[in-house]
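Participant: Listed below are the residues making up each chain.
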Amino acid sequence: MRLRDYIIRRLLLLIPVLIGVSVMTFALTRLIGGPLGAASIYINEKCLQSDTCIDAVIHKYGFDQPIPIQYVNYMKALLQGDLGYSKSAKLLVTDAITSKMPATFELASAAMVIAVVFALPLGVLSATRRNKPVDHATRVLALSGVSIPVFWLGLMLKYLLFYFPFIYLGIKLLPIDGRATSGMYGICTSRVSFPLCASTNLYTVDAILALNGTALWDAVSHLILPALTLAFVTMAIIVRMMRSSMLEVLNQEYIKTARSKGLSEKVVIKKHARRNALIPTTTVIGLSFGGLLGGAVLTESIFTWPGIGRWSADAVTQFDPAAIMGFTLVAAVVYVVANLVVDVLYAYLDPRIRLGE
Amino acid sequence: MASAPRVPGASGRLSGLVAELRPRWKELRYSLHLLRKSLLAMVGLAIVGVFLFLAVFGPALAPYPYVYNASEKNSPPGARPTVLRNTSALDGEAAGWTTPASFNDILSTSDGRRAMSYQVGDTLELRRFNLKVYSDDVLQVGVSIQYNATAGSTDDVLNVSVSWDNGTSWSPRIVTPFRDVNASAAWSFLDFTNVTRWTASRLDDTTFVVRIEHARSGSPPGGIGVDVLRVVVRFKGLYHILGTTVDGEDVLTGVLLGARISIRIGVIVVFVATMIGSILGALAGYFGGPLDELVMRITDVFLSIPGLILALAVAAALGQPGQRDVRPDHRLLAALHASRAGPGALRAGKPVHRGLAGDRRE
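Protein sequence lines correspond, in order, to chains L and A. Number 219 in my numbering belongs to position 219 of the first sequence; there are no gaps in the numbering. Number 168 in my numbering belongs to position 168 of the second sequence; there are no gaps in the numbering.
These are computed hints drawn from the structure, not numbers from a lab. For clarity, every value in this text was computed on a predicted model and none was experimentally measured. Cβ atoms here follow ideal geometry from the backbone N, Cα and C, with glycine treated the same way. Wrong hints could be hidden among the right ones.
In the SDA-like style, the derived pairs of lysine to any residue whose C-alpha atoms are separated by at most 20 Å in a straight line are [claimed, not checked]:
| no. | chain 1 | residue 1 | chain 2 | residue 2 |
| --- | --- | --- | --- | --- |
| 1 | A | K37 | L | N131 |
| 2 | L | K60 | L | Y71 |
| 3 | L | K172 | L | V220 |
| 4 | A | K236 | A | M296 |
| 5 | L | K158 | L | T181 |
| 6 | A | K132 | A | R234 |
| 7 | L | K132 | A | L39 |
| 8 | L | K270 | L | K158 |
| 9 | L | K172 | L | M184 |
| 10 | L | K132 | A | V195 |
| 11 | A | K132 | A | L39 |
| 12 | L | K132 | A | L40 |
In silico contact screen, one side only, chain A against chain L (beta carbon under 7 Å); selected entries [as the list claims (entries may be wrong)]:
| no. | residue |
| --- | --- |
| 13 | R297 |
| 14 | D300 |
| 15 | I305 |
| 16 | P306 |
Let's have the full structure, built from the sequences with the hints guiding it.
Facilitator: Shown next, in the form of structure tokens:
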């Protein structure tokens with residue numbers, strides 16, 4: 001009962017946060033883009049030649065009104081589900097978000113799974129074999145993951161796993177752009193059919209549901225390189241967190257107690273130390289996942305992954321106000337929800353924490 | 001004397017303060033001692049120190065000024081790019097040749113305007129090639145020439161020689177093979193690389209001279225015209241430890257000068273963020289309740305906006321044509337970063353002050 005109330009309260013608090021975010025972003029896009037920037041999606045090449053035409057369009061759509069009034073109009077439209085038109089995606093912003101979110105979600109989940117699977121055992125190993133070669137190797141790996149710029153890693157993976165084998169060995173090892181081979185995936189109708197029919201828009205899930213091996217490999221092979229790039233960076237953060245919290249836990253009195261009870265080292269590590277060390281690590285994992293869901297701009301741009309991150313970079317460079325507003329709101333929702341999930345998980349993992357008191 | 005009664009009180013308060021500070025001072029000394037003992041901390045401190053040093057003395061350490069040098073673009077790290085110069089004369093002296101009004105106009109392109117000679121023994125000395133050679137590691141010096149003779153007298157011959165000390169000593173004459181201008185390979189390239197030990201000073205405007213002689217006339221005798229004459233010099237450019245960019249800027253210089261900007265932004269960001277964050281955090285922690293809630297929601301707003309996108313948006317919008325053409329200056333960038341970093345300081349500051357306020361909620 002209390003947990004449910006807490007979650008409802010936090011979700012209600014989402015509203016003021018979203019209003020704040022929208023006010024800030026709206027003011028920013030209107031102030032630096034000016035009326036012309038806001039009206040640019042309605043102005044074609046021919047109209048751009050004459051000032052009177054530009055002024056007429058600006059007046060018609062109300063971009064010459066004071067910014068607070070424009071904001072109120074924007075919010076009215078937003079409440080009716082109208083976020084405007086994105087000229088960079090050539091779609092309505094709502095359609096762009098729903099079509100690009102699955103791509104980002106798929107990439108973020110794949111990266112997170114890889115990162116967690118490698119990071120947790122490495123962190124435990126590194127802490128239990130402190131100052132041994134394994135520990136040093138892990139720390140170097142983690143440090144390099146935190147220090148290496150993600151775009152550089154992405155480009156190197158592209159070079160080593162696509163360009164190099166293709167040029168020197170003549171084999172196409174892994175694809176480097178997009179989510180699937182073109183023509184492989186699409187919305188099936190009575191007249192058009194694709195090898196893989198869209199239903200969830202998560203290509204790997206759709207392929208598994210359709211029991212289509214070729215399509216599954218196609219989707220997975222496209223996913224490998226961008227997911228590895230993101231996973232390496234995330235893994236480094238998790239390994240460092242896991243190692244340090246594991247070391248802290250191993251110094252606690254109850255570990256001493258467990259050992260003096262005569263428990264085997266394996267049980268002490270697994271049951272007593274690892275479980276408690278996982279609590280702070282969960283926070284890091286949750287927040288990293290939230291960050292990835294908000295769009296991995298650099299990775300998605302390098303691998304031309306059609307997700308939120310790449311769209312946002314396009315929108316910003318082409319100055320697309322409606323899109324900037326749209327994905328900022330999405331990122332804010334994702335951020336707040338990720339925080340909420342982490343807080344709830346935290347309370348679940350650590351019974352000493354009482355939520356909402 | 002009037003202030004005398006206040007002295008004991010003030011010193012009493014002062015001694016009280018000192019007494020209060022003493023245990024803290026002791027703790028600080030112990031912490032510093034621990035820091036000094038830690039090898040890792042010292043190595044980290046050294047790295048930070050090196051970065052600060054590089055940033056502060058960057059302009060003095062930078063090997064070259066951060067300028068665009070188109071001839072040295074795309075150099076790989078640790079290499080000296082090969083620079084190619086291909087120029088024609090700005091000045092000259094004609095003996096017997098029809099004097100062109102501007103040597104550069106006539107001899108730089110294959111446009112039909114040419115220097116003409118009708119007598120054997122006519123000489124033409126060309127100077128001021130504006131080669132701008134700045135390295136003594138000269139790989140090649142040559143003269144690229146295109147000439148033709150009056151139709152039918154194909155035996156006309158030009159001799160070309162070069163001087164590296166303004167006409168005192170001359171290279172052996174090289175006989176230019178005649179080629180019809182209309183033929184596909186009308187260019188002759190005369191190589192002077194091995195006639196002397198070339199240095200930068202032997203190739204500058206005051207020393208380097210090219211001389212053309214009308215050496216032999218064919219039968220029937222006729223005119224001979226030089227359409228194009230250009231000097232081609234290849235030399236090793238400057239040494240770039242980290243290579244150069246597509247625009248020919250030295251990367252090491254860029255890093256050294258860029259570090260200053262980064263550090264300036266970093267200092268401003270941390271300062272502003274700490275000031276705002278700790279004050280807001282203290283207020284929120286001390287008063288709690290609605291103020292706490294308000295401050296934390298504002299924090300959420302700032303943390304929710306993707307930082308990279310925000311920075312890109314401002315940079316893109318400020319650099320847009322048609323808008324105010326302003327580059328985002330450091331203060332603006334710092335303000336953006338501070339808006340991101342502030343909440344961190346706030347969250348860090350809050351629990352401390354909550355502890356002071358006796359609030360045990362977190």
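Participant: Straight-line Cα separation of K132/L and L39/A no greater than 20 Å?
Facilitator: 17 Å, holds
Participant: K132/L and V195/A were given as a pair; does the straight-line alpha-carbon distance stay at or below 20 Å?
Facilitator: 66 Å, violated
Participant: Hey, K132/L versus L40/A, does the alpha-carbon distance stay inside 20 Å?
Facilitator: 16 Å, holds
Participant: Can the restraint linking K37/A and N131/L be considered satisfied, given a maximum Cα separation of 20 Å?
Facilitator: 17 Å, holds
Participant: Quickly compare the C-alpha distance for K132/A and R234/A to 20 Å and report which way the hint goes.
Facilitator: 11 Å, holds
Participant: Within 20 Å, alpha carbon to alpha carbon, are K132/A and L39/A?
Facilitator: 52 Å, violated
Participant: Go through the hint on P306/A and say holds or violated, using the shortest Cβ distance to chain L against 7 Å.
Facilitator: Since chain L brings a Cβ to about 5 Å from P306/A, closer than 7 Å, the hint holds.
Participant: Regarding the pair K270/L and K158/L, is the alpha-carbon distance no greater than 20 Å?
Facilitator: 38 Å, violated
Participant: When you check the alpha-carbon spacing of K172/L and M184/L, does it fall within 20 Å?
Facilitator: 18 Å, holds
Participant: Grab the minimum C-beta distance from R297/A to chain L and call the hint holds if it beats 7 Å, violated otherwise.
Facilitator: 5 Å, holds
Participant: Does D300/A hold up as a contact with chain L if the rule is Cβ-Cβ below 7 Å?
Facilitator: Because about 5 Å separates D300/A from the closest Cβ in chain L, which is inside the 7 Å limit, the hint holds.
Participant: Take the C-alpha atoms of K172/L and V220/L, compute the straight-line distance between them, and say whether it is at most 20 Å.
Facilitator: 15 Å, holds
Checked against the numbered hints listed earlier, the structure breaks hints 4, 8, 10, 11; every other hint is satisfied.
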